[in-house]
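Novice: Below are the chains, spelled out letter by letter.
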Amino acid sequence: MENSKFKSFIKSNMMWVILILIVVIFAFLSPNFRSFRNIMNILTQNAYFIVATIGVAMIMISGGTDLSVGQILAVVGVCIALFMQNAGFPVPVAVALGILIGVVLGGFNGAAANILKIHPMIVTLATMTMFKGISYILSQSKSFYNFAPSYLAIGQGRIGTANFPVTFPVIIAVVVALVIHFILSKTCFGRFIYAVGGNPETARLAGINVAKIKLQTFMLAGVLFGISAVILTSRGGSASSLIGPGVEFDAITACVLGGVSFIGGAGRVSDAVVGCLILGVLTNGMQMIGLDVYSQYVVKGIILMASIGYDTFQQNAKVRKKAA
Amino acid sequence: MEQNVVLTMKDITKLYPGVVALDKVSLEVRAGEVHALLGENGAGKSTLIKVLSGAVRNDGGSIELGGQTFQHMTPQISRENGVEVIYQEYNLIPGLSVAENVCLGSQMKGIVDLRQQIRTTQAIFDEYNIHLDPRALVGQLPPAKQQLVEIAKAISKDPKIIVMDEPTAQLTMAEVENLYKIIADLKSRNKAIIYISHRLDELFAVTDCITIMRDGQYVTTVRTSETDRDELISLMVGRELKNSGPRRSYAEDEVVLRAENVSGYSNTECSFELKKGEILGVAGLVGAGRTELMRVIFGADKKLGGQVYVKGKPVEIRSPEQAIANGIGLIPEDRKMQGCFLNQSIEWNISMGNIRSLTTGRLVDEKKIEAAGEEYRELLNIKTPSTKQLVRNLSGGNQQKVVLAKVLLANTDIVIFDEPTRGIDVGARAEIYALMDRLVSEGRSIIMVSSDMEELLGMSDRIIVLSEGRITGELAREEFSQETILSMASTN
Chain U
1 MENSKFKSFI KSNMMWVILI LIVVIFAFLS PNFRSFRNIM NILTQNAYFI
51 VATIGVAMIM ISGGTDLSVG QILAVVGVCI ALFMQNAGFP VPVAVALGIL
101 IGVVLGGFNG AAANILKIHP MIVTLATMTM FKGISYILSQ SKSFYNFAPS
151 YLAIGQGRIG TANFPVTFPV IIAVVVALVI HFILSKTCFG RFIYAVGGNP
201 ETARLAGINV AKIKLQTFML AGVLFGISAV ILTSRGGSAS SLIGPGVEFD
251 AITACVLGGV SFIGGAGRVS DAVVGCLILG VLTNGMQMIG LDVYSQYVVK
301 GIILMASIGY DTFQQNAKVR KKAA
Chain A
1 MEQNVVLTMK DITKLYPGVV ALDKVSLEVR AGEVHALLGE NGAGKSTLIK
51 VLSGAVRNDG GSIELGGQTF QHMTPQISRE NGVEVIYQEY NLIPGLSVAE
101 NVCLGSQMKG IVDLRQQIRT TQAIFDEYNI HLDPRALVGQ LPPAKQQLVE
151 IAKAISKDPK IIVMDEPTAQ LTMAEVENLY KIIADLKSRN KAIIYISHRL
201 DELFAVTDCI TIMRDGQYVT TVRTSETDRD ELISLMVGRE LKNSGPRRSY
251 AEDEVVLRAE NVSGYSNTEC SFELKKGEIL GVAGLVGAGR TELMRVIFGA
301 DKKLGGQVYV KGKPVEIRSP EQAIANGIGL IPEDRKMQGC FLNQSIEWNI
351 SMGNIRSLTT GRLVDEKKIE AAGEEYRELL NIKTPSTKQL VRNLSGGNQQ
401 KVVLAKVLLA NTDIVIFDEP TRGIDVGARA EIYALMDRLV SEGRSIIMVS
451 SDMEELLGMS DRIIVLSEGR ITGELAREEF SQETILSMAS TN
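Chain order of the listed sequences is U and A.
Numbering follows this note's numbering, in which position 265 of the first sequence is assigned residue number 265; successive positions increment by one, without gaps.
Numbering follows this note's numbering, in which position 99 of the second sequence is assigned residue number 99; successive positions increment by one, without gaps.
Certain hints may be false.
Computed cross-link-like contacts, DSSO-like style, restricted to lysine-lysine with a CA-CA straight-line distance of at most 27 Å [as the list claims (entries may be wrong)]:
#1 K117/U <-> K302/A
#2 K212/U <-> K302/A
#3 K117/U <-> K336/A
#4 K186/U <-> K160/A
#5 K367/A <-> K5/U
#6 K24/A <-> K160/A
#7 K5/U <-> K388/A
#8 K276/A <-> K311/A
#9 K11/U <-> K186/U
#10 K388/A <-> K186/U
#11 K336/A <-> K145/A
#12 K302/A <-> K275/A
#13 K303/A <-> K212/U
#14 K117/U <-> K303/A
#15 K383/A <-> K368/A
#16 K302/A <-> K336/A
#17 K11/U <-> K388/A
#18 K303/A <-> K276/A
#19 K383/A <-> K7/U
#20 K303/A <-> K336/A
#21 K145/A <-> K181/A
#22 K276/A <-> K5/U
#23 K10/A <-> K181/A
#24 K383/A <-> K367/A
#25 K187/A <-> K145/A
#26 K212/U <-> K336/A
#27 K368/A <-> K212/U
#28 K7/U <-> K367/A
#29 K367/A <-> K186/U
#30 K336/A <-> K311/A
#31 K7/U <-> K10/A
#32 K132/U <-> K117/U
#33 K368/A <-> K388/A
#34 K157/A <-> K181/A
#35 K336/A <-> K275/A
#36 K212/U <-> K186/U
#37 K5/U <-> K383/A
#38 K181/A <-> K11/U
These are computed hints drawn from the structure, not numbers from a lab.
Using the sequences plus the hints, can you model the full thing?
Specialist: Shown next as structure tokens:
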């Protein structure tokens with residue numbers, strides 16, 4: 001019994017095992033990789049990505065998907081820059097308004113999917129283009145620099161000692177992960193997200209307001225996209241229409257890699273996080289051992305296919321065993 | 001006994017981890033014979049068929065087919081030796097025409113000749129009196145017609161043995177008659193048919209002999225002409241089910257639900273009443289608008305006119321959420337698509353019926369969910385080692401019980417059961433009836449939509465009959481008769 005419990009624990013956390021394996025291999029190959037500073041660096045670099053991916057994971061669990069994340073990040077980043085530099089808003093107000101814009105754009109996606117009754121994938125394919133236009137109209141293709149030090153501190157600040165620094169972005173990402181994990185597992189709203197993604201018709205007949213839950217999920221994800229944009233632009237010290245886009249596919253990749261169901265109804269915050277970390281560690285580790293960018297793509301692709309292939313193989317093996 | 005034996009399955013054993021699915025089961029099938037496989041869900045009928053079709057590899061025993069003896073089948077060997085299986089879930093490609101589906105698999109080389117396919121298909125249709133356009137798109141056909149396509153597809157392979165798994169599950173009474181005719185035709189052409197069904201009256205209508213299985217074991221084989229219902233049930237269940245006679249009525253005079261001229265997309269001006277403690281049966285042919293009417297009342301589909309009263313007060317129900325708030329629960333017709341979250345656990349499913357009742361300080365309380373799961377597992381006798389088990393892995397009857405538990409958790413005074421026992425074995429059926437009885441004895445009220453005549457006549461206190469979206473009749477217990485219901489159901 002103990003043994004089978006351990007086995008099922010390993011099975012449901014297989015991606016963490018794979019992550020540890022990858023970390024061990026790189027640690028073995030490269031002394032630079034295994035420093036605390038580098039590990040913290042990987043986490044800091046990926047903090048914004050983790051936060052955005054958790055948002056995407058929530059939407060995927062609710063049975064949708066979001067291709068417009070990258071553009072939402074760009075719009076929010078540009079807006080915050082405009083609020084601070086053109087409108088002269090104080091940093092906290094600009095940040096709050098920026099996150100609010102994330103909520104509005106997320107809500108727009110959710111409302112459009114509900115009202116038009118089309119799959120969020122199609123809706124966000126359209127809004128992706130729309131938001132791109134909006135971000136360029138707002139930024140007028142300009143980049144924004146020279147942010148207030150208090151804004152930069154969000155992305156660049158740290159606590160802890162010089163040898164063991166813990167950066168603000170990492171703290172923010174951890175807090176976001178814990179809060180969303182709590183919401184998904186402990187609140188009725190969280191359960192409803194799984195219900196709606198697992199079987200919308202069953203959920204509706206059980207008295208769940210499916211459209212409302214979907215909309216709220218998109219809006220909550222919008223909060224995360226807003227936070228993600230704040231981390232991204234404050235850490236890099238710049239905002240433009242080019243900063244953000246591209247994240248959407250990485251986020252979906254990380255979710256699928258981590259084990260969030262593409263058809264909805266299943267997935268955990270930790271799945272999204274481990275997916276991000278595997279991608280992040282791979283990128284960093286391969287740089288450390290001096291692999292060129294193009295070889296990196298090939299290796300990443302192989303690992304993706306292998307890990308997802310393994311997972312599917314496991315699933316099928318289970319089904320074969322069960323077939324009665 | 002003059003016919004040739006075309007299939008002998010001997011001592012077939014199949015082990016799954018922890019379970020003996022088949023324990024030395026034997027089966028002998030003759031040409032020109034309709035041979036029924038009967039048993040409760042989980043008795044091993046499907047596994048036996050899967051061994052025959054090569055979908056599952058047996059661990060012991062042998063199969064004699066077409067003069068050869070095989071230790072195991074593969075899908076290919078099975079096919080080549082003339083075995084065709086028509087599964088409950090049809091294996092058709094909705095985007096292709098009838099003819100293309102019928103000929104799928106038999107013409108796998110070179111260029112597809114559509115005209116040839118249409119000719120082949122039409123020839124089969126003519127031979128078996130099937131009225132269907134070979135050019136029609138399969139995806140646009142109703143289930144009954146799709147089944148005809150499946151049958152034609154099987155016939156086109158010129159099989160010796162045709163297996164039909166619950167062929168009538170989705171058919172109306174008229175369509176069932178039609179199926180019987182086709183089966184008779186197949187029989188007269190010396191095909192052997194293995195027929196799986198839960199509906200005993202069907203077995204008496206079409207089969208020649210019946211093999212009964214229980215818990216993975218072969219019980220016995222009887223000639224249909226030499227047995228009766230009670231014997232079959234006791235053989236199948238392994239215990240005597242006492243025939244309780246007419247059930248006691250708990251109906252009172254108080255009207256708890258009243259529909260007045262309710263119209264929807266499929267219904268026009270339906271009016272009826274439901275009394276406290278009553279089981280109101282809703283009869284009609286498939287497509288008569290029974291499910292649709294219930295969905296309108298439940299707020300799942302749009303109401304186009306009329307008024308619903310709950311306990312005398314007019315209510316406006318625009319969503320299932322509001323229906324439940326007004327004390328109406330619905331157990332939907334399609335348990336997989338509308339009743340269950342298949343990839344979640346039993347207790348998780350049940351909790352979704354009313355998660356807010358399972359919270360502590362607004363947070364979901366796992367302990368309460370577990371307790372609720374346990375409570376309903378005992379109450380409804382859900383057969384599972386643990387309520388953490390995924391609903392996907394349960395048999396149909398147990399899945400239905402989970403759906404019941406989920407709806408019961410909401411604790412509504414009125415419960416609408418839509419086809420509560422479709423595809424469910426005799427044992428589970430009796431348990432569901434006992435539960436319904438209990439609910440009304442506690443003063444709740446039930447509307448029961450059913451296509452099962454026995455169930456309607458046996459359980460209802462009163463029956464309303466629908467035809468083409470309208471209520472065409474109402475019968476009190478004394479007036480119940482199959483003939484009257486059927487004639488009302490086919491009124492225009």
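Novice: All hints, please: hold or fail.
Specialist: Hint-by-hint comparison with the structure:
1. With a C-alpha separation of about 16 Å, the suggested pair K117/U and K302/A falls inside the 27 Å cut-off, and the hint holds.
2. Between K212/U and K302/A the alpha-carbon distance is near 18 Å, which keeps this suggested pair within the 27 Å criterion.
3. Between K117/U and K336/A the CA atoms are separated by roughly 22 Å; this keeps the pair inside 27 Å, and the hint holds.
4. Proximity of K186/U to K160/A is assessed by CA-CA distance (about 57 Å); at most 27 Å being required, the pair is judged violated.
5. Under the criterion of a C-alpha separation no larger than 27 Å, the hint pairing K367/A with K5/U is consistent with the structure, at around 20 Å.
6. At most 27 Å may separate the alpha-carbon atoms for a hinted pair to count; K24/A and K160/A meet this at roughly 24 Å.
7. This hinted pair checks out: K5/U and K388/A have alpha carbons roughly 14 Å apart, not beyond 27 Å.
8. The straight-line distance between the Cα atoms of K276/A and K311/A is roughly 9 Å, inside the 27 Å bound, and the hint therefore holds.
9. Restraint check for K11/U and K186/U: the C-alpha separation of about 23 Å stays at or below 27 Å, so the hint holds.
10. About 17 Å separates the Cα atoms of K388/A and K186/U, which keeps this hinted pair within 27 Å; it holds.
11. Restraint check for K336/A and K145/A: satisfied, since their Cα atoms lie roughly 22 Å apart, inside the 27 Å limit.
12. Using a Cα cut-off of 27 Å, the hinted pair K302/A and K275/A holds, with the two alpha carbons roughly 25 Å apart.
13. In summary, the hint linking K303/A to K212/U is supported, as the alpha carbons are separated by about 21 Å, within the 27 Å threshold.
14. Taken as a hint, the K117/U and K303/A pair is honoured in the structure, with Cα atoms around 20 Å apart against an allowance of 27 Å.
15. Between K383/A and K368/A the alpha-carbon distance is near 20 Å, which keeps this suggested pair within the 27 Å criterion.
16. Between the alpha carbons of K302/A and K336/A the distance comes to roughly 23 Å, so the proposed pair stays at or under 27 Å and holds.
17. A threshold of 27 Å between alpha carbons decides the hint, and for K11/U with K388/A the separation of about 17 Å falls inside it, so the pair holds.
18. A threshold of 27 Å between alpha carbons decides the hint, and for K303/A with K276/A the separation of about 24 Å falls inside it, so the pair holds.
19. Restraint check for K383/A and K7/U: satisfied, since their Cα atoms lie roughly 26 Å apart, inside the 27 Å limit.
20. A distance of roughly 25 Å separates the Cα atoms of K303/A and K336/A; the hinted pair therefore holds under the 27 Å criterion.
21. Restraint check for K145/A and K181/A: the C-alpha separation of about 15 Å stays at or below 27 Å, so the hint holds.
22. Annotation: proposed proximity of K276/A to K5/U is violated, straight-line Cα distance about 50 Å (limit 27 Å).
23. About 31 Å separates the Cα atoms of K10/A and K181/A, which puts this hinted pair outside 27 Å; it is violated.
24. A C-alpha spacing of about 21 Å is found between K383/A and K367/A, which places the hinted pair at or below 27 Å, so the restraint holds.
25. With a C-alpha separation of about 21 Å, the suggested pair K187/A and K145/A falls inside the 27 Å cut-off, and the hint holds.
26. With a C-alpha separation of about 23 Å, the suggested pairing of K212/U with K336/A holds against the 27 Å cut-off.
27. Distance restraint check for K368/A and K212/U: the Cα-Cα separation of roughly 26 Å lies within the 27 Å cut-off, and the hinted pair is therefore satisfied.
28. For the given pair, K7/U sits about 24 Å from K367/A by alpha-carbon distance, which is consistent with the 27 Å threshold.
29. About 12 Å separates the Cα atoms of K367/A and K186/U, which keeps this hinted pair within 27 Å; it holds.
30. Among the hinted pairs, K336/A with K311/A is inconsistent with the structure: their alpha-carbon atoms are about 32 Å apart, more than 27 Å.
31. Proximity of K7/U to K10/A is assessed by CA-CA distance (about 38 Å); at most 27 Å being required, the pair is judged violated.
32. Of the pairs offered as hints, the one joining K132/U and K117/U holds, with about 23 Å between alpha carbons and a cut-off of 27 Å not exceeded.
33. Our distance criterion of 27 Å between C-alpha atoms is met by K368/A and K388/A, whose separation comes to about 14 Å.
34. Proximity of K157/A to K181/A is assessed by CA-CA distance (about 20 Å); at most 27 Å being required, the pair is judged to hold.
35. With a CA separation close to 30 Å, the supplied pair K336/A and K275/A exceeds the 27 Å bound.
36. Distance check on the hinted pair: K212/U and K186/U sit about 19 Å apart at the alpha-carbon level, within 27 Å; holds.
37. Proximity of K5/U to K383/A is assessed by CA-CA distance (about 23 Å); at most 27 Å being required, the pair is judged to hold.
38. With a CA separation close to 52 Å, the supplied pair K181/A and K11/U exceeds the 27 Å bound.
Hint compliance for this structure: hints 4, 22, 23, 30, 31, 35, 38 are broken, all remaining hints hold.
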